[in-house]
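Could you put together the complete structure from these sequences and hints?
Sequence lines, in order, name chains A and B.
Numbering of the first sequence is given in UniProt numbering, commencing with residue 1 and proceeding in unit increments.
Numbering of the second sequence is given in UniProt numbering, commencing with residue 1 and proceeding in unit increments.
Rather than coming from a laboratory, the hints here were simulated on the basis of the structure.
Virtual Cβ for every residue (Gly too), placed ideally from N, Cα, C.
Each hint should be verified, as a subset may be incorrect.
Under the rule of at most 30 Å between Cα atoms (straight-line distance), these lysine-lysine pairs were calculated in the DSBU-like manner [what the hints assert, rightly or not]:
1) B:K10 <-> A:K214
2) B:K211 <-> A:K214
3) A:K105 <-> A:K131
4) A:K10 <-> B:K120
5) B:K105 <-> B:K214
Just a sample of chain A residues kept apart from chain B, beta carbon distances all over 10 Å, derived [what the hints assert, rightly or not]:
6) I11
7) I20
8) R24
9) G56
10) F110
11) R112
12) L116
13) L121
14) K131
15) G142
16) E234
17) K262
18) E303
19) P336
Below, each chain spelled out in residue letters.
There are 2 protein chains.
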Amino acid sequence: MSTKISNTEKIRQVNRNDIINALRQAGPMARIDLGNYLGLSPSTVTTITAQLQQSGLIYELADQDKDSGVRGRPRVAIDLNPKAACVIAIKLSINELQFELGDYKGNIHFQRTRHLNTRKLSGDMLIEILKTEVTSIIDTHGHEYEQFRAIGIAVQGFVDSNSGTIVWSPALGFRHMDLATPLSDAFSVPVVVANDTDCIGVAVQQSPQYKDVKSMAVIMINYGVGMCLIMNGELYLGGVGAVAEFGHTKFSHEGPQCRCGKRGCIEAYVSDYAIYRDACLMMELPETDVMHPSEQQMQDLAERARQGDEKIRRLYADAGRVLGVGIGNLLALLGPEKIILTGSGIRTYDLMESGIFAGVRDSFVEDLIAGTVIETLPWQEDLTSKGVVIQALSYSEV
Amino acid sequence: MSTKISNTEKIRQVNRNDIINALRQAGPMARIDLGNYLGLSPSTVTTITAQLQQSGLIYELADQDKDSGVRGRPRVAIDLNPKAACVIAIKLSINELQFELGDYKGNIHFQRTRHLNTRKLSGDMLIEILKTEVTSIIDTHGHEYEQFRAIGIAVQGFVDSNSGTIVWSPALGFRHMDLATPLSDAFSVPVVVANDTDCIGVAVQQSPQYKDVKSMAVIMINYGVGMCLIMNGELYLGGVGAVAEFGHTKFSHEGPQCRCGKRGCIEAYVSDYAIYRDACLMMELPETDVMHPSEQQMQDLAERARQGDEKIRRLYADAGRVLGVGIGNLLALLGPEKIILTGSGIRTYDLMESGIFAGVRDSFVEDLIAGTVIETLPWQEDLTSKGVVIQALSYSEV
Chain A
1 MSTKISNTEK IRQVNRNDII NALRQAGPMA RIDLGNYLGL SPSTVTTITA
51 QLQQSGLIYE LADQDKDSGV RGRPRVAIDL NPKAACVIAI KLSINELQFE
101 LGDYKGNIHF QRTRHLNTRK LSGDMLIEIL KTEVTSIIDT HGHEYEQFRA
151 IGIAVQGFVD SNSGTIVWSP ALGFRHMDLA TPLSDAFSVP VVVANDTDCI
201 GVAVQQSPQY KDVKSMAVIM INYGVGMCLI MNGELYLGGV GAVAEFGHTK
251 FSHEGPQCRC GKRGCIEAYV SDYAIYRDAC LMMELPETDV MHPSEQQMQD
301 LAERARQGDE KIRRLYADAG RVLGVGIGNL LALLGPEKII LTGSGIRTYD
351 LMESGIFAGV RDSFVEDLIA GTVIETLPWQ EDLTSKGVVI QALSYSEV
Chain B
1 MSTKISNTEK IRQVNRNDII NALRQAGPMA RIDLGNYLGL SPSTVTTITA
51 QLQQSGLIYE LADQDKDSGV RGRPRVAIDL NPKAACVIAI KLSINELQFE
101 LGDYKGNIHF QRTRHLNTRK LSGDMLIEIL KTEVTSIIDT HGHEYEQFRA
151 IGIAVQGFVD SNSGTIVWSP ALGFRHMDLA TPLSDAFSVP VVVANDTDCI
201 GVAVQQSPQY KDVKSMAVIM INYGVGMCLI MNGELYLGGV GAVAEFGHTK
251 FSHEGPQCRC GKRGCIEAYV SDYAIYRDAC LMMELPETDV MHPSEQQMQD
301 LAERARQGDE KIRRLYADAG RVLGVGIGNL LALLGPEKII LTGSGIRTYD
351 LMESGIFAGV RDSFVEDLIA GTVIETLPWQ EDLTSKGVVI QALSYSEV
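Below you can see the structure in the form of structure tokens.
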């Protein structure tokens, strides 16, 4: 075994994957721009792109310079070939299974959603449904792509990505279920199982505006409160057990009941179910799925607050303050460059904002937090899908 | 610029530093064992050690095999040459400046301590004292080493290691002070400024029993409550502002006053000053420096608890529970492989232990924490010095 060779081989692989990722992230580019973007030499870019072109993974676009007005030698842009491969992205959340097909560029092509009582499913039933749907999609669309490459599954809850196991999910009535092995056996492709918020984090990190941020926490507020950590430029997957369960850090050990079984979790004040539950105690509201009030119900509640209902306004302000104290803990522990708030719950950011910053000020010495930027990212439903497609694609890369 | 060359160069440097670190960490070794330890090929080890030997940084020990009973070709162990270089390690804490000299192997040779009212110092006075002491040590001992290589400073408080600046320290009456530039100018050596708990983390990570742990939190309990995070195998230095200020995460936003100015920080229940302050309210105790009760005073208090004083026992149990809830938050956020408790405050681990585990159980779903090992590391005063010496040495490595 020669270390020298294996190191060179490794560098080549890293550079190759960097080039593929850059094209997926930033779109088509001339080779020279690709080199600048990644800090690679022209000769490295030329060698690797030649190999990629030969394998049919990238192709040259028609000469762009007619429009660009740039003079001199024509700069031919290269792009990923969307037809080179496809992956299936699955989102598993409470009472919903969603299926999408991602092409090699990372674009998503359609969506198929199944509504069903997920908590009543056995593990075998879940696997059967997933197999049926994946088979149907591949039978219908697979022939358009040169290769069916991987399956990615975004799961609401705790997963062990190393073993492809769902440890616990609020969507399911059972625990500790290996999803990766049966699906991988059935389709002979690698299967990635990821936490849904981690997928959002990956999608955010992939977007050009955040690509250079080395440390950030992406907090997703909706039916729960999730988080994803990017540390030293990489998704932090932790050591063992759960990770980035910001929603289950404590505001008060004597606080309201949380669905996790403990009391006073941040989620028990800030998530949709918590806000709606608290509002129900103070006024007549339409009945709802306790764990999962609808988007319309949450919008209606927000509207009442905006029209001046003081009780609801206070609920949101208090939720903001709790969130702010939790963010204060994050600042103390991790001091990231950015904290990004997203998820459907930021529909009421206007009602929470002053509470959030009051909570942060209450909880951590001001001098020490000057550097971290706290900002919101408008919620896009497909960030999860985008993230799981990207993970499935990179997982399947040789 | 050729990427290929710079990459090869980089690998050579990484391998060279790995070899030096391995010898510093694990002591003298035969070349073949070094290769196995690091996963490097024999030829790589041979090339690099030849260069190191030529530069006088390592040397061959006398043949060990006479005692080892191993047959066959003699295996000559190599070791770092302790005289190849020295560094000065400085510890700055409340009312104490401590100076030590570290040799190239990372061993510490003597200690010189100055007691003074550090909060009364101006920045210029501090620099003058440091310059005087370093000059005196180098004048006395420098000639024994081939090179004076670096200065490392471990600071109680918040530092910006990138710029070598103390942002805030409870030991000082001023803020935002660049220590690195004036010392580096005066002695023409690189200067590392590090948080004292980070130094402990580096020393722990360097010890053979923890070298393979990829994610851990080292919590240090003493006059305050500090933390160091190792994530993905590296010291996490964060993005901006403070980092790993576990002691200033909140147990209760309405809790006792903390010296940071906020309320209900974990430190305000668990640190020496908090325990002693609370005990004073319930019984006659010797007067003390409010922020800094002595080790003897803390030992005496612990002794009263062990002899059955129920009030003090409850104080320690409550402190344990608060610490446990804080650890629960850490488990939720980071799920590290290990959480290591150390610092002089673990003198009363016996009195806190059941509280700690009750707090952890109270705060986080049990299923999800099974994987993390929580353990204590007996407190050694010189872990900080060890860590700052290691950092200064690696910082100065070419």
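Structure-based check of each hint:
1. Taking the CA atoms of B:K10 and A:K214, the gap is near 21 Å; set against the 30 Å cutoff, the hint holds.
2. Restraint check for B:K211 and A:K214: satisfied, since their Cα atoms lie roughly 25 Å apart, inside the 30 Å limit.
3. Of the pairs offered as hints, the one joining A:K105 and A:K131 holds, with about 24 Å between alpha carbons and a cut-off of 30 Å not exceeded.
4. The suggested pairing of A:K10 with B:K120 is violated, with an alpha-carbon distance near 55 Å, which exceeds 30 Å.
5. With a C-alpha separation of about 24 Å, the suggested pair B:K105 and B:K214 falls inside the 30 Å cut-off, and the hint holds.
6. A Cβ of chain B approaches the Cβ of A:I11 within 10 Å, the least distance being about 5 Å, so the stated non-interface status is violated.
7. A:I20, annotated as away from the interface, keeps every beta carbon of chain B farther than 10 Å; the closest lies near 17 Å.
8. With 10 Å as the threshold on Cβ separation, the claim that A:R24 sits away from chain B holds: the shortest Cβ distance comes to roughly 21 Å.
9. Under the 10 Å C-beta cut-off, the non-interface status given to A:G56 relative to chain B holds; the minimum distance is some 25 Å.
10. Annotated as non-interface, A:F110 keeps its C-beta farther than 10 Å from every C-beta of chain B; the closest such distance is 35 Å.
11. Remark: the non-interface label on A:R112 is consistent with the geometry, its nearest Cβ contact in chain B lying 32 Å away (cut-off 10 Å).
12. Every CB of chain B lies more than 10 Å from the CB of A:L116, the least distance being 25 Å, so the non-interface label holds.
13. At roughly 20 Å, the least C-beta separation between A:L121 and chain B is larger than 10 Å, which holds for a residue marked as non-interface.
14. Residue placement check: A:K131 keeps its beta carbon more than 10 Å from all beta carbons of chain B (closest about 27 Å).
15. For A:G142, the condition that its CB be more than 10 Å from all CB atoms of chain B holds, with the nearest at approximately 36 Å.
16. Not every beta carbon of chain B lies more than 10 Å from that of A:E234, the smallest distance being close to 7 Å; the non-interface claim is violated.
17. The Cβ of A:K262 does not lie farther than 10 Å from every Cβ of chain B; its closest approach is about 6 Å, which violates its non-interface assignment.
18. For A:E303, the requirement that its beta carbon stay farther than 10 Å from each beta carbon of chain B is met, with the minimum near 30 Å.
19. With a cut of 10 Å on Cβ distances, A:P336 falls inside the contact zone with chain B, its closest approach being about 5 Å.
In the structure shown, a violation is registered for the earlier hints numbered 4, 6, 16, 17 and 19, in ascending order.
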